[in-house]
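Per our numbering, the very first residue in the sequence shown carries number 423; after that it's consecutive.
Think of the hints as simulated: they come from the structure by calculation, not from any bench. All C-beta atoms in this analysis are idealised placements derived from N, C-alpha and C, irrespective of residue type, glycine included. Incorrect hints may have been included.
Simulated DEER-style distance windows between Cβ atoms [to be verified]:
1) L748 to H683: 38 to 48 Å
2) R740 to E599: 23 to 33 Å
3) V536 to T651: 21 to 31 Å
4) T721 to D606: 21 to 31 Å
5) V654 to F723: 16 to 26 Å
6) A579 to P719: 41 to 51 Å
7) P682 to R539: 38 to 48 Å
8) H683 to P742: 20 to 30 Å
9) A598 to I650: 20 to 30 Å
10) R727 to P685: 16 to 26 Å
11) G582 to E747: 43 to 53 Å
12) V654 to W620: 27 to 37 Å
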Amino acid sequence: MPESKLKLARDICRGKRGQVAQACRTGQEDQLGALGLVLNAAARWTTRYPDTAVAERRREHQALDEDVARLSPLPHAQPAAAFVRAMAARKIAVRLSERSGRRFGVTLTLEFPVLLRLIEEQSTAFRAAVASAPHIGEGRRDWAATVAAGPAPAKFAAEGAPAAPREREALLAWLAESTEQLVDALRKAGPDRGCWTWWGMSQSPRTSGAVARHQLQQMAVHTYEAQITVGVPRPLPDEVALDGVEEFLSTCVATTSAWPHKPAAMDFHASEGRSWRLSLSAGGARTVRLPGPGTTPATAFFSARGTASALALILYNRIPIDSLELDGNRRLFEQLSA
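Model the full structure from these sequences, guided by the hints.
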């Protein structure tokens, strides 16, 4: 047991005296068992709940990496938590070519004009489903301001924007205007202009094109949620979902922080004919698109097969993984999602 965990055990047991006071063996076993439960509860707190708090603070742009590094009282006992936090920070120490068509072997699927068109289409679908989430419009306006600002050390907030109205028709118009502002800002900036992004230097570049790609996926997932609310959920459109799987793996999973378990490879196969491999090792997490039919890449430790929509929604934790055809060590996916 690492010294940091032993210290915590001593602090918990008998008022920092580290004593097992029961005289008989049965009593000692009971007391040690209770101590183990408390230690596990403490470890769970220092992994899951602070990570959730950090994610929320990052969305508000109020979390610094040096502060995050000091959160855990058990830094040596939590390699998995460090990996998850590093994924959230997206600290990828590799400079990417802004003009090449590939990012670590991942090919951008959709052209920039197509991304803008699909953002507008998903916005329309969202408004058709439900108009009960004004924060969606506020997010689009902030991203419009961020893209318009160009390269910057922090995200911009839309200034002087009117608050979301309460009346339904006015709210629908406000949501449409929010999307229009985002698309206009993206169109003016073009796909290669740099801007602030929360994912840092991941397999996705820090450009307005990458922002458009991620915003499309955010809008698609929010549209799915809105459709669930009104009882008419629909699969993500094929071209959106295919790009969504790749975008999530290259933006939200990629990291150079060491994978804390044995090296492994996970494959994701879309029934529409596209596949990806996520490699996990001491060098971090990296995604590549697998070759087409007729090739025989090395067997993965775990694979998931289903529609692109199901794959994307599972990665975004919107539907259970049992919706897919699974093969291999399912524990790997659970470790990644922990």
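key: Violating hint indices (sorted, rising)   = 1, 4, 5
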